[in-house]
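The listed protein sequences derive, respectively, from chains A and B. The numbers in my numbering rise by one with no breaks, and the one at position 62 of the first sequence is 65. The numbers in my numbering rise by one with no breaks, and the one at position 37 of the second sequence is 150.
To be clear, the hints were calculated from the coordinates, so they are not data collected in a lab. Wrong hints could be hidden among the right ones.
[Stated by the list, open to error] Rough simulated footprint, nothing fancy, chain B against chain A, three-plus residues with beta-carbon under 8 Å:
1) 99-106
2) 318-331
3) 371-385
[Unchecked claim] Sample of chain A residues at the chain B side, in silico, Cβ under 8 Å:
4) 118
5) 151
6) 177
[Unchecked claim] List time: in silico SDA-like cross-link candidates among lysine to any residue, alpha-carbon distance up to 20 Å:
7) A:10 x B:289
8) B:272 x A:150
9) B:338 x A:366
10) B:338 x A:368
11) B:338 x A:446
12) B:289 x A:252
13) B:406 x A:442
14) A:10 x B:492
15) A:446 x B:492
16) B:467 x A:150
17) A:446 x B:467
18) A:446 x B:206
19) B:289 x A:353
20) B:406 x A:353
21) B:272 x A:446
22) B:256 x B:226
Built from N, CA and C at the ideal position, the CB exists for glycine as well.
Okay, here's what each chain looks like letter by letter:
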Amino acid sequence: MHQYLKKVINYQGVTVAQDAPTEENWMRFVRESISVNPQARHVLILPAGSQEALQWALPALYYAYYYGSPIIFVTNGQVPESDIQPYQNLTAYLIGPASLVPSTAGNPFSEAERLSGRNPADHAVRLAEYRDEATEFGWGRKHDRQNGYFHYVVTTPKDALMGLAALPFARSNNASLLYAGDDGSLPASTDRYAWTQRSDWFVSPSEGPFRHFWVVSPMVSYAAQSRMDFSVEKAEYASLGAVALGYMEGLMIMFITLGIASSIFVGVHAANTLPMVHVPMKIAWTLGSLLLPIIGPLLYLTAYRRPAYKSADGTWHWLRPQNIQSAAATMMGFGYGAPLMVAIGFLFVWFGFPLIYDEWLSDFVYWLGAGMPIMMIGMFVLSVLTAWLLAQYPMKKMMMDMPEKQVAWMSFKTTLLSMAAVSLGMMSLTWWMLMNHIPMMPKEDDILWFGSLWVASFLGFLVAWPFNWFMIRSHLKPGNT
Amino acid sequence: MIRYRIIFIVVELMLSACGTTEGPPVGGLPLQDQANFTANTVRLPGSTPEEQAILLTQTVYPATREDNAVGAILLCPQDEKIAFTAMSRITHMPVNAPMLYLTEDGHISEATLREMRRLRPDGVLQDERTDVYAVNVPEEEIKKIKETLDYRVRSFNEKDPILLAELLDRWQATLKSDYPDEMVISAIDHPDGMKHGMGAMGWNAHMGKGFAWVYQDSIPAATIKMLNRRFWDYDSYIYLTGGPEVISDKVARQLAQYGLTRRIFGDNVYASNTVNAGYKDYGRNLGWWWGWKPRSFGWGIAQAGHNFIIGNADHILEMIPAAVLGHMGKHGPILLVKQDSVPKAVHDYLTMVKPFATGPQETILNFGWIIGNEDQVTNKVQQDIDLLLSPFAQRQPVTSNTVKIDTLPSL
């Protein structure tokens, strides 16, 4: 490694010691490799001697090599007097735990600060993140740096010598050092840090910055290397990729969580306080509230917390203004139809969209053969049929005193109209979100997929509400039960 | 006791649902170990097109989990024009398919089959969960894929590259519910037609725009049919890869009937590709009352902080699958070089985008993938490119005490 890198990273100003580092000579290698910056504002107090000392010193050595930091090795718990003299007015950084670098080692200097982690991996991350502008020490590569071209050399503590041999990367590529585990895995601190280094793209993934890991230990497992690679694969801003939690996904999760809470509230409340309301209606309110966070429970309370009377046939009616009657009537269709549409949409993406691209279709109506329109048509038709047969028809049959055929036809018409209105809002927003706003169409197991359909359903309700106002006015639907 | 067991099973299921990064090892495919590097380049040293394609998929897709596996695999014969057409239209998202080759005699080799198994396609959601796109792959080989790997295969059988472009255009338009208005057009009957268009092919693998062929002096009927399918008259944006000696002015004038026509070209194939790397065309595409969709074609890279795919102009079959490096990972345009020298156009371009120190503890960095073994791009060229990509002006004189290196390939 040492010889190879000396040949390929031989730019002017990038030199390391002539001989490769070994367990015995690694401190000499470091001294010979680092050219001290005469304007340095800090001095590094490093553990010396053992392999363990090298493991703790190595991350700091990368910065020292890059910057030209003066270094002093602690021998027998002491800092040699002759080494102190030129740097005693500088800030001293005690690198590593107190067992290797005692706190007294910092006493001769104007200021002293210890930098150490819980273990070498955590320690390396700490040094990658640390930055003090006053002392000019540290790489300052924190999670919120969106525009830095950061490279990392990754080795294991046992292979710290390999990491030291790769020191030229610190100058040629501004690489800082990170540790994998000795068993080849990624320790939690390194893993956590690697994921913070993913940079998102706004216009195109060819935009910078790019991050890079140089793995120099053969002990690092393929799975760990793959995970690091995946952690910095550029991803679009909306989701920050398949694993990380993007900002938009965060909003969606809040929206969905509120929906679940709303649904539980309405379900439990209705079950305990409205024994006179038919169960299918309570289910409609519960399912509807799932897709209408906050608004669902508010409409529910507004619909039922008002004077009511029992008609001669034993049905309860609430005295509601027409707007609330419309909302209640909308909810009866929406509560079954919208969740059904989401579920049917999910089945489409689960099994994959069908695709028809025959030549006869390809001039003007080619888009009819595409997955999204087919999914939307499927969602609409299947949800209308299911909601009509399993919910709307039986519900209307219970509530309306009409011949069976008439109830069937009327419930079909109202289901069709109601779902068409819901679809108008829902499908438009679904298309915009999945095909336009989010650069990469989310897969079936992405929060963004569910979130998009959830939010689209919300809009579907808002569009369907005024439509139902007219249906209430025309007595096509009841709105006061 | 039963209650504890149920709780244990539920917790176990929840934990396993959280996902894992452990996957199968690369077993038996040691090509990755052969990659050699400098500070700013990594060489993927394939010696044949088939091996190069495998090396590329190994590099880009670890396949240790669903999210870093491929969407699908593009399998195609070692036919330059067919491969060029297929890579232009199939690879891009949402398909996410790298290219693998059949053997020269049209079979799937053992190594390719093993790599197909390792890649574990997720299946293209928008296209019936297709796992493999087989372009002109013999029926018995498709049967082998289905039986051995249990993958879902979509076949495109069209020997004529011009008609294949039309078929793929139709399929892509349906897949995305849109015919892209930006069309790259290359010359099929010019000996350097593909070389001039290599960079633009890479852009298409990166961005999924349209592609069609023309002859030097005429336009095939299938290409006219494709252009007619674009929305509105004159509303396409056409990018010709090559100067008038590659695609004649007569053809350019005829194409201008279908939309704004431009050329991406330089004095030679090297310059055409550096022009492509720096090329950017943006502006109107489609506007309506409350919305608008601009066009944005080309990498437009004229500054430091980017990545490049660099290979030999004469090794077209090796370079075509390398466009996948512009589709995933570091993303960047293709540049062409000679086996033993960096052409002037590439030298000048890389000098323009050379990085420099920007801050007290960091600098902007470039990166280059070198495609092919030393028979295609020498180590000297790799080193020259490395220096051009680096923030350093020159190297130190080489010292003479270097010992023999056994563990890494020497430069």
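When the hints from earlier in the document are held up against this structure, which numbers fail?
Per hint list: 1, 2, 4, 7, 8, 11, 12, 15, 17, 20 and 21 violated.
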